[in-house]
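Engineer: Take the sequences, apply the hints, and build the full model.
Below, each chain spelled out in residue letters.
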Amino acid sequence: MLNRRVKRRYVSVVYTGSANKAVNAIIRRCSDLFGSIATEKAGIRLVRSDSNVAIIKCRQEQLDNVLAAIALLDPPVVTRDMSGSIKQLRRRLA
Amino acid sequence: MLSISKVGTPFNGKIHECVVYRLKKAPPSLVKYQYLIVSDNVDEPADILTISDFRRIKEKLKMKVKKGTGIEVTIALARKMDASGVARWFDDIRELYLFCQSSRRQFILSSGATSMHEMVSGPCLDAILKNCDIDPHRHWREMNSWLEGRVSRKVSV
Chain A
1 MLNRRVKRRY VSVVYTGSAN KAVNAIIRRC SDLFGSIATE KAGIRLVRSD
51 SNVAIIKCRQ EQLDNVLAAI ALLDPPVVTR DMSGSIKQLR RRLA
Chain B
1 MLSISKVGTP FNGKIHECVV YRLKKAPPSL VKYQYLIVSD NVDEPADILT
51 ISDFRRIKEK LKMKVKKGTG IEVTIALARK MDASGVARWF DDIRELYLFC
101 QSSRRQFILS SGATSMHEMV SGPCLDAILK NCDIDPHRHW REMNSWLEGR
151 VSRKVSV
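Chain order of the listed sequences is A and B.
If you're matching positions, the first sequence starts at 1 in the working numbering and goes up one per residue.
If you're matching positions, the second sequence starts at 1 in the working numbering and goes up one per residue.
Hints were generated in silico from the structure; no laboratory data involved.
We put the beta carbon where it would ideally sit given N, CA and C, even for glycine.
Don't take every hint at face value.
Unchecked claim - Simulated restraints on C-beta separations:
id, chain 1, residue 1, chain 2, residue 2, range
1, B, Ser115, A, Arg45, 26 to 36 Å
2, B, Phe11, A, Pro75, 22 to 32 Å
3, B, Met81, A, Val53, 21 to 31 Å
4, A, Lys21, B, Ser29, 27 to 37 Å
5, B, Arg94, A, Arg45, 24 to 34 Å
6, B, Met116, A, Lys7, 26 to 36 Å
7, B, Ile57, A, Arg45, 40 to 50 Å
Structural biologist: Put into structure tokens, the structure is as follows:
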């Protein structure tokens, strides 16, 4: 059986308050809207945060659900950019 | 930055390119900017009608809204809703889109942002459209041609 590498997407978001709170809010909203199984599959994690911009990662197959959850979040979190590699994303953010 | 080429904002006196201004009524004289008349009243003639509850005004929309009018739903409303409210909102969007397709009106999904922090990026709008079983490519293509047609009808200097 082929052991395929899981594809991820790195998403940079602009938030207010603390980065951990923002990521927890995204996870909670995603879980509310699409269920616990889909949210676990998404594997939403905070990669790094800098002032009010954070980079989160999630699995590509659940990206649409994660983006929809971000768009429907209150207080709002704005998606700035996304990429398949963190290096490319950081280059674009610089 | 947000993968959006054109935005609609209220007119604040400054003219920017790639911005279509949202006005409540037509300016009395010729203007140098692109604009659309926006209303939330079904009985008023407008380019864009903003609605909050499609189920409640569906019959009125059929009777009173002219063909070619844009019918706008804002994400800002859905932010405040709980999960079941959002699920119903998704269902309303799906139904509104089909209604617009069959009755030659333009479905518009907008952020409803009042500040930069409430803006919604292009990929997030696409994700919401996909969740409502709407093909984003088709939607943006239709939206673009509707917008160009609508704005070009307005006389500007």
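Engineer: Given a hinted range of 21 to 31 Å, is it respected by the beta-carbon distance of B/Met81 and A/Val53?
Structural biologist: holds (27 Å)
Engineer: Lying within 22 to 32 Å: is that true of the beta-carbon distance B/Phe11 to A/Pro75?
Structural biologist: Cβ of B/Phe11 to Cβ of A/Pro75: about 27 Å, so the range 22 to 32 Å holds.
Engineer: Taking the CB of B/Met116 and the CB of A/Lys7, does the distance hold inside 26 to 36 Å?
Structural biologist: holds (31 Å)
Engineer: Honestly, do B/Arg94 and A/Arg45 meet the 24 to 34 Å range at C-beta?
Structural biologist: holds (31 Å)
Engineer: Indicate whether the distance between the beta carbons of A/Lys21 and B/Ser29 respects the range 27 to 37 Å.
Structural biologist: violated (50 Å)
Engineer: Do the Cβ positions of B/Ser115 and A/Arg45 conform to the proposed distance bound of 26 to 36 Å?
Structural biologist: For B/Ser115 and A/Arg45 the Cβ distance comes to about 28 Å; the hint holds.
Engineer: Within 40 to 50 Å or not, the Cβ separation of B/Ile57 and A/Arg45?
Structural biologist: Since B/Ile57 and A/Arg45 have Cβ atoms about 42 Å apart, the given range 40 to 50 Å holds.
Checked against the numbered hints above, the structure violates only hint 4.
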